[in-house]
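Engineer: Reassemble the complex: the two chains are provided individually, in unrelated frames, and hints are given to aid placement.
One letter stands for each residue in the lines below.
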Amino acid sequence: MSDTTKNEYIQHKSRRKFLKGLAAGVGLIAMPGKDASASVWEEFFQKHFRELSKDELKVVIGRLEKEYSKKFAKQVTVKTTPPIEGVLYGYGLDLSRCIGCRRCVYACVKENNQSRDPQIHWIRVLQLDKEKGVDLSHAEHYYNPEKVPEKGHFYMPVQCQQCEKPPCTKVCPVQATWKENDGIVVVDYNWCIGCRYCMAACPYGARHFNWGKPGLPVAEMNPVTHYLGNRPRPKGVVEKCTFCIQRTREQPGRYPACEEICPVGARKFGNLLDPNSEIRYLIENKRVFKLKDDLNTQPKFFYFYAT
Amino acid sequence: MNTRSFARSLMVLLVVLMVQFLSASTGHSDRVKEFDRSGRLVVVEKPANEMAAAYDIKNRPAEKVFPVPRPPFSEGIFPCTQCHKYMKPNPVQRTLTEYHTEIVLHHAEGQRWCTDCHNLVDRDKLRLVSGELIDFTESYRLCGQCHGDKFRDWKVGIHGKRTGNWNGDKQYLLCVHCHNPHDPKFKALKPLPPPVRPGTARH
Numbered sequence: 006m007s008d009t010t011k012n013e014y015i016q017h018k019s020r021r022k023f024l025k026g027l028a029a030g031v032g033l034i035a036m037p038g039k040d041a042s043a044s045v046w047e048e049f050f051q052k053h054f055r056e057l058s059k060d061e062l063k064v065v066i067g068r069l070e071k072e073y074s075k076k077f078a079k080q081v082t083v084k085t086t087p088p089i090e091g092v093l094y095g096y097g098l099d100l101s102r103c104i105g106c107r108r109c110v111y112a113c114v115k116e117n118n119q120s121r122d123p124q125i126h127w128i129r130v131l132q133l134d135k136e137k138g139v140d141l142s143h144a145e146h147y148y149n150p151e152k153v154p155e156k157g158h159f160y161m162p163v164q165c166q167q168c169e170k171p172p173c174t175k176v177c178p179v180q181a182t183w184k185e186n187d188g189i190v191v192v193d194y195n196w197c198i199g200c201r202y203c204m205a206a207c208p209y210g211a212r213h214f215n216w217g218k219p220g221l222p223v224a225e226m227n228p229v230t231h232y233l234g235n236r237p238r239p240k241g242v243v244e245k246c247t248f249c250i251q252r253t254r255e256q257p258g259r260y261p262a263c264e265e266i267c268p269v270g271a272r273k274f275g276n277l278l279d280p281n282s283e284i285r286y287l288i289e290n291k292r293v294f295k296l297k298d299d300l301n302t303q304p305k306f307f308y309f310y311a312t
Numbered sequence: 021m022n023t024r025s026f027a028r029s030l031m032v033l034l035v036v037l038m039v040q041f042l043s044a045s046t047g048h049s050d051r052v053k054e055f056d057r058s059g060r061l062v063v064v065e066k067p068a069n070e071m072a073a074a075y076d077i078k079n080r081p082a083e084k085v086f087p088v089p090r091p092p093f094s095e096g097i098f099p100c101t102q103c104h105k106y107m108k109p110n111p112v113q114r115t116l117t118e119y120h121t122e123i124v125l126h127h128a129e130g131q132r133w134c135t136d137c138h139n140l141v142d143r144d145k146l147r148l149v150s151g152e153l154i155d156f157t158e159s160y161r162l163c164g165q166c167h168g169d170k171f172r173d174w175k176v177g178i179h180g181k182r183t184g185n186w187n188g189d190k191q192y193l194l195c196v197h198c199h200n201p202h203d204p205k206f207k208a209l210k211p212l213p214p215p216v217r218p219g220t221a222r223h
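In order, the protein sequence lines correspond to chains A and B. Our numbering numbers the first residue of the first sequence as 6 and each following residue consecutively. Our numbering numbers the first residue of the second sequence as 21 and each following residue consecutively.
It is worth saying that the hints were derived from the structure and are not from the lab. Careful: at least some of the hints might be erroneous.
[As the list claims (entries may be wrong)] Lysine to any residue pairs mimicking SDA-like chemistry, simulated, CA-CA at most 20 Å apart:
id, chain 1, residue 1, chain 2, residue 2
1, B, K205, A, F49
2, A, K184, A, K291
3, A, K291, B, D169
4, A, K170, A, E145
5, B, K210, A, H158
6, A, K240, A, P178
7, A, K135, A, E145
8, B, K175, A, D279
9, B, K210, A, Y148
Chain B on its own, in the form it takes in the complex (with noise of 0.2 Å):
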């Protein structure tokens, strides 16, 4: 009597369970994932309208805004317009002679030149890839687009310094404030005074 109640009840869940799966398998709502019958995600095709929408940037979600002190400048050289207004934009690629000439690109400088990162017109901006302005202090962004897997970390508060509090407010540093962003590479520090030997000190 109990074993017959207990199969019964079984056959029940399992064709609620059959009618559940068929009806996700085949009903067409946009928002499920669809998977084949190894657990793969089917890609669906989405209309050309939708998928042009999910590529404008301005549909995005808008990237976090780290709290980060003032980029470091040279002495008086931001913002740039105080001179930059006075000259008619120049796109084309040639080596400075009258200003910046202290900068020596040594960062992929085969393949870039200055307006692929500062915007040619408004000279107080940065420019990102898909033609999005940024400011100085966002400049996180403009590295992260190729050092994606250090953006990553450095979000995370792996990659780079983070002074503040371990479990209260963290001030994070800009890229900049370690890398010159025309010449990335680390530069080497004079150590502090190796430890005394035993037996050298004066006592």
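For reference, chain A alone in the conformation it holds in the complex (with noise of 0.2 Å):
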């Protein structure tokens, strides 16, 4: 062995030393804090939310609702209710009656906890004109008259399609996404790592990123929160529409804050199962058509025109 290439050896040696020594530090900087509380370890360790045992779950609510108690000085639930047996929700909107007020937009911002500050909106209403159509190319979201609706235009209001064949879901490379039995999309925002593949994959542009730390004023913050739902998220996750996961859920359930809230009554929330509901009603009688259904995504929302 020549004297070079044992000064070779040496120094590739050295270097391998090096980056295990940078990788071990970098790793232990990571970590929480000596200082840091149990809870912070908790988190970091904390399982998918699937494969939390009953114990283990009530641990995460626990910690969940203690924490987020504090942060908003009230008393905070976080709820896990399981989907209810024979339900798959759906959702009618009505095209032929939606003024494009807006008022389903900030309904859904102040019942699922969104931040206001970045700004994040579930709902987005497109503007669109009848001599075009249901064609999105021509489509206007900022829109801002005086009086709505204007002349010559129709409104779309565009939120999570809760697709039968999600997208989003397939493309989580950590499973922190999934569809729920009752048909309902959900996303674990512990198990979330921000990397936004799903927010490429939905055609729907349904799927939110918080790009800054949710700004939630304490006094509007809505207390009865739901897990896979409205529960306050921290910064790098993506969120979306859960049909109001934490109101639809019960037994009676409450409609959708959106649905509870359109002063002309174009939203219509019920059981596909149940073929005495108003949203089975309405696609047996109605003229009715999914968005962007060539994609094959089947959403479980469905626009109408009553007329």
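Structural biologist: Written as structure tokens, this is what we have:
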């Protein structure tokens, strides 16, 4: 063995050592500090929501409720209500009624604890030309006239379509988002790594990212929350409409906040498996279409014309 | 042997079916609907007294009653009889100059007048074209006389707003909660602010 090769060997070995040391060091910095509270450690090692046992879930919920109650200075409940047996949620929106007043957008923000600043809206209302029909290339969502509806226009609110074949859940590298048995697509905010692949995969622009620390005023925080729904989100996770899971999964379950606020009654909600529900009536009796039907995402959000 | 017994039982079945068919087509029971050979319903003439009974409003099935909130009366206007009991009913169509001058009828005004919907004598009631008097809380029946398609949709919860529970008690609204009966077109609203354009936020 010549001197040069020996030297190279030594050098190589020391570089490896250096990298090892660097990795360990960076790892140590990333770990919660010595003085971090026990809850930070618990959160760090928390399992995926669907892998939690009953006892583990209780601990997690207890920790979250304590944390949120302290932060928002009120009693915050975090529900984990499971899907109701024999229920598949469906939503109907009457395009011949909607006037584009955006009441639904802000009712949703209030109910679901979205960040006010930076602003996150789960519902986007599109203004479309009557002459062009449902042509998204001519959609405008920054419209702000004195009064709506404006002549020659119709309005189309778009939110999560709760697809039966959701493209967003397929692309998640860590399975932090999935479709529940009642058809609601949910996100485990504690498992989401913020890669935003799901946002790229969603053809409806229905997923939103917390680019900054969510600005949620303490006084306006809705303390009735669900783990998979409207509980306060951290920075760096994706969120979306859950058909107001904290309301609709109860028995009796209230209508979603957007349905309840709509001044023209354009929004309809119900169980697709119940032949006597409103949603079934409108699908069977009205002109119905699904947005971007050709993508075969099979939305459970039905746009219809009651007239 | 087997095939013969099968054929025999088939014959028996056919005979039974024939008998049933004949008895159904020749029997003259009033309650049985009759069909011609192509399956169309044959209209059976009924005696005049039976027809009259069918058209009498007393014999119609009662309309389902929907629980609704109090009608949106103007302050202090109801009951109407608190003023109208001192007035002599005047059925003449005229321009009102003393009271209710704020009401501008913009609802098929060429063909309509107050007492087409409001009862002339007992002012606390509304009047259907059949002559039946109904309360203001049942006004959807009055509107439904012309707007039958909307009434049908409203009853199943498609037209109009519903609140409450999707799988429990639901709250209906009257037509007049959203549509002014004297000027029913839904009024334009000021939209809530548009979303912030990306890049213009203060961050």
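Engineer: Would you mind marking each hint as holding or not holding in the structure?
Structural biologist: Going through the hints against the structure:
{"no.": "1", "hint": "B:K205 x A:F49", "in the structure": "violated, 57 Å"}
{"no.": "2", "hint": "A:K184 x A:K291", "in the structure": "violated, 28 Å"}
{"no.": "3", "hint": "A:K291 x B:D169", "in the structure": "holds, 12 Å"}
{"no.": "4", "hint": "A:K170 x A:E145", "in the structure": "violated, 28 Å"}
{"no.": "5", "hint": "B:K210 x A:H158", "in the structure": "holds, 15 Å"}
{"no.": "6", "hint": "A:K240 x A:P178", "in the structure": "holds, 19 Å"}
{"no.": "7", "hint": "A:K135 x A:E145", "in the structure": "holds, 13 Å"}
{"no.": "8", "hint": "B:K175 x A:D279", "in the structure": "holds, 17 Å"}
{"no.": "9", "hint": "B:K210 x A:Y148", "in the structure": "holds, 12 Å"}
The structure does not agree with the numbered hints 1, 2 and 4 stated previously, though it agrees with the rest.
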